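Kindly generate the complete structure, drawing on both the sequences and the hints.
Per this note's numbering, residue 6 is the first one in the sequence shown, and the count goes up by one each step.
Treat the hints as calculated values from the structure; they're not laboratory data. Honestly, I wouldn't trust all of these hints.
Using 30 angstroms as the maximum straight-line C-alpha spacing, the simulated DSS-like pairs for lysine-lysine come out as follows [stated by the list, open to error]:
(1) 229 - 301
(2) 183 - 304
(3) 301 - 183
(4) 229 - 266
(5) 229 - 265
(6) 265 - 246
(7) 266 - 246
(8) 301 - 246
(9) 246 - 47
(10) 70 - 47
Pairwise CB distance ranges (calculated) [said to hold, decoys possible]:
(11) 277 - 196: 31 to 41 angstroms
(12) 307 - 43: 44 to 54 angstroms
(13) 60 - 224: 44 to 54 angstroms
(14) 60 - 314: 33 to 43 angstroms
(15) 291 - 46: 40 to 50 angstroms
(16) 46 - 273: 36 to 46 angstroms
(17) 256 - 45: 38 to 48 angstroms
(18) 273 - 124: 16 to 26 angstroms
(19) 60 - 225: 40 to 50 angstroms
(20) 165 - 273: 40 to 50 angstroms
(21) 62 - 292: 24 to 34 angstroms
(22) 39 - 288: 45 to 55 angstroms
(23) 166 - 245: 31 to 41 angstroms
(24) 72 - 196: 46 to 56 angstroms
This one's a predicted model, so the numbers in the text were calculated from it and none came from an experiment. For glycine and all other residues, C-beta sits at the position ideal for the given N, C-alpha and C.
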Amino acid sequence: MVRSQSEEYLMLRVVNALQATLSGVQLTGLQINWEEVSIDQKVGAGGFAVVYHGMYRGCEVAVKKLRVNRMSSKSIRDFSSEVMLLRTLRHPNIVIFMGIVMNPVCLVTEYCHNGNLFDLLHETVDDKRGEHYAVQIPWQRRIRIALDVARGMNFLHTSTPVIIHRDLKSLNILINEKWTAKVSDFGLSRFKAADTAHDLMTGQCGTFQWMAPEVMDGHNYTEKADVYSYGINLWELLTRKIPYDGMQPMQVAMMVHTHKKRLPIPETCPEWYAMLIRDCWDPDPEARPSFAEIIKRLKRGGPAPTVLN
Numbered sequence: 006m007v008r009s010q011s012e013e014y015l016m017l018r019v020v021n022a023l024q025a026t027l028s029g030v031q032l033t034g035l036q037i038n039w040e041e042v043s044i045d046q047k048v049g050a051g052g053f054a055v056v057y058h059g060m061y062r063g064c065e066v067a068v069k070k071l072r073v074n075r076m077s078s079k080s081i082r083d084f085s086s087e088v089m090l091l092r093t094l095r096h097p098n099i100v101i102f103m104g105i106v107m108n109p110v111c112l113v114t115e116y117c118h119n120g121n122l123f124d125l126l127h128e129t130v131d132d133k134r135g136e137h138y139a140v141q142i143p144w145q146r147r148i149r150i151a152l153d154v155a156r157g158m159n160f161l162h163t164s165t166p167v168i169i170h171r172d173l174k175s176l177n178i179l180i181n182e183k184w185t186a187k188v189s190d191f192g193l194s195r196f197k198a199a200d201t202a203h204d205l206m207t208g209q210c211g212t213f214q215w216m217a218p219e220v221m222d223g224h225n226y227t228e229k230a231d232v233y234s235y236g237i238n239l240w241e242l243l244t245r246k247i248p249y250d251g252m253q254p255m256q257v258a259m260m261v262h263t264h265k266k267r268l269p270i271p272e273t274c275p276e277w278y279a280m281l282i283r284d285c286w287d288p289d290p291e292a293r294p295s296f297a298e299i300i301k302r303l304k305r306g307g308p309a310p311t312v313l314n
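Okay, here's the thing in C-alpha cells:
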C-alpha cells in the first residue's frame with residue numbers, strides 16, 4: 006500500500022522521536038525488517054495501535070502497528086518504555102518479545118491463540134447452529150490462570166529495580182493455546198525508582214475499574230497497587246462479570262476511594278478465595294499480600310465455589 010506524503014512525514018517524525026527516545030538502548034538482534042513480517046486479520050485495536058495476527062520467520066506473531074496519526078509525545082514515550090522493558094523480560098508468564106520494526110513502527114510479540122482474559126470471561130461465541138454460549142472454564146483452570154499471572158507479577162516485583170506494571174487488567178492478560186496466562190502490555194510500566202506520579206496512570210481510559218484507591222487519590226504508590234488490580238482480576242475469574250459495569254470513572258472513584266466500598270463477593274465463593282480477594286483490596290497498601298504470598302495461598306487452595314458461572 007502506497008503511503009501519502011503526509012503519512013510519510015508523520016511516520017518519519019515518529020521514527021525520529023522513537024530513535025531519540027531509544028538512543029543508548031541496546032537493540033542489536035531485536036530490529037526486524039518489515040519485509041520479513043506478513044500480517045493478515047486484525048485481532049485488536051487501542052488508542053494509538055492496531056494489533057494483527059502475522060507470521061515472522063515461520064512463527065505466528067502478534068504485530069502491534071502504531072497509528073502514527075494518533076501518536077502524541079506521551080504515547081511515543083509509552084511505546085518506548087514497553088520496548089525497553091520487554092527486551093529485558095524473560096519469564097514463562099510474560100509475553101515473549103520478538104523485536105521491533107522501525108518503519109512502519111511495530112512491536113512484534115508471540116501470538117496467544119486464546120486471546121485476552123477479558124474476552125474469554127465476558128464474551129460469548131457462536132456455535133455451528135448460530136447459538137451464543139460462554140466458553141466453559143473449569144475452576145481448576147481459573148486457579149491455574151490466577152497462579153500464572155501471580156508468577157509473572159512476582160517476577161516483575163522481585164526484579165532489581167522493582168517493576169510496577171500499573172495497568173494489570175484482564176484485557177492485558179493473554180492466554181495461549183495451552184491455556185498458559187501471560188502478562189502483557191507494558192506501556193505504562195515503570196521501574197519503582199522512576200516517577201510514580203498519578204497523572205501517568207489516569208491518562209488511560211478504562212483503567213479505573215482496576216485502579217487502586219491510592220492511585221486514584223494521587224498519592225505516591227508502590228508495587229502494592231498492582232496487587233489491588235490483581236484482586237479485581239480474581240473477582241472476574243470468580244464471577245465472570247465486568248467490574249463496575251456501566252459506571253463512569255468518577256462513580257468508581259467515589260465508590261472505591263471516597264466510600265471505601267468494594268465489589269460484592271457472591272455467597273457461593275469459598276471463604277479462602279474470598280479472603281484472598283479482600284486482602285488484595287485492603288485499603289492499606291502495605292497490608293496487601295506480596296505475589297509470593299499469593300502464590301503460596303493459591304497453591305494451598307481450598308474448596309471450589311458451590312455455583313460456578
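Against the structure, the hints:
Of the pairs offered as hints, the one joining residue 229 and residue 301 holds, with about 17 angstroms between alpha carbons and a cut-off of 30 angstroms not exceeded. Taken as a hint, the residue 183 and residue 304 pair is honoured in the structure, with Cα atoms around 20 angstroms apart against an allowance of 30 angstroms. Restraint check for residue 301 and residue 183: the C-alpha separation of about 23 angstroms stays at or below 30 angstroms, so the hint holds. Among the hinted pairs, residue 229 with residue 266 is consistent with the structure: their alpha-carbon atoms are about 18 angstroms apart, no more than 30 angstroms.
Taken as a hint, the residue 229 and residue 265 pair is honoured in the structure, with Cα atoms around 17 angstroms apart against an allowance of 30 angstroms. Between the alpha carbons of residue 265 and residue 246 the distance comes to roughly 20 angstroms, so the proposed pair stays at or under 30 angstroms and holds. A C-alpha spacing of about 17 angstroms is found between residue 266 and residue 246, which places the hinted pair at or below 30 angstroms, so the restraint holds. Annotation: proposed proximity of residue 301 to residue 246 holds, straight-line Cα distance about 26 angstroms (limit 30 angstroms).
For the hint pairing residue 246 with residue 47, the CA-to-CA distance comes to about 26 angstroms; that is within 30 angstroms, so the pair holds. For the hint pairing residue 70 with residue 47, the CA-to-CA distance comes to about 10 angstroms; that is within 30 angstroms, so the pair holds. As the Cβ distance of residue 277 to residue 196 is approximately 34 angstroms, the hint placing it in 31 to 41 angstroms holds. In this structure the hint that residue 307 and residue 43 lie 44 to 54 angstroms apart at CB holds, the actual value being about 47 angstroms.
Taking 44 to 54 angstroms as the suggested C-beta distance range, the pair residue 60 and residue 224 conforms, at roughly 46 angstroms. For residue 60 and residue 314, the hinted distance range of 33 to 43 angstroms is satisfied, since their beta carbons lie about 37 angstroms from each other. Our hint of 40 to 50 angstroms for residue 291 and residue 46 holds, since their Cβ atoms are close to 46 angstroms apart. As the Cβ distance of residue 46 to residue 273 is approximately 39 angstroms, the hint placing it in 36 to 46 angstroms holds.
Distance hint for residue 256 and residue 45: a CB-CB separation of about 40 angstroms, consistent with the stated range 38 to 48 angstroms. The hint said 16 to 26 angstroms for the Cβ distance between residue 273 and residue 124, and at roughly 24 angstroms that hint holds. Under the hint 40 to 50 angstroms, the C-beta atoms of residue 60 and residue 225, about 44 angstroms apart, fit the expected range. Take residue 165 and residue 273: their Cβ atoms lie about 42 angstroms apart, and the range 40 to 50 angstroms holds.
Judged by the Cβ atoms, the range 24 to 34 angstroms given for residue 62 and residue 292 is violated: they are separated by roughly 48 angstroms. Hint check: residue 39 to residue 288, Cβ distance near 49 angstroms, so the stated range 45 to 55 angstroms holds. Between residue 166 and residue 245 the Cβ separation comes to about 36 angstroms, which falls inside the hinted range of 31 to 41 angstroms. Taking the beta carbon of each, residue 72 and residue 196 are about 27 angstroms apart, not inside 46 to 56 angstroms as hinted.
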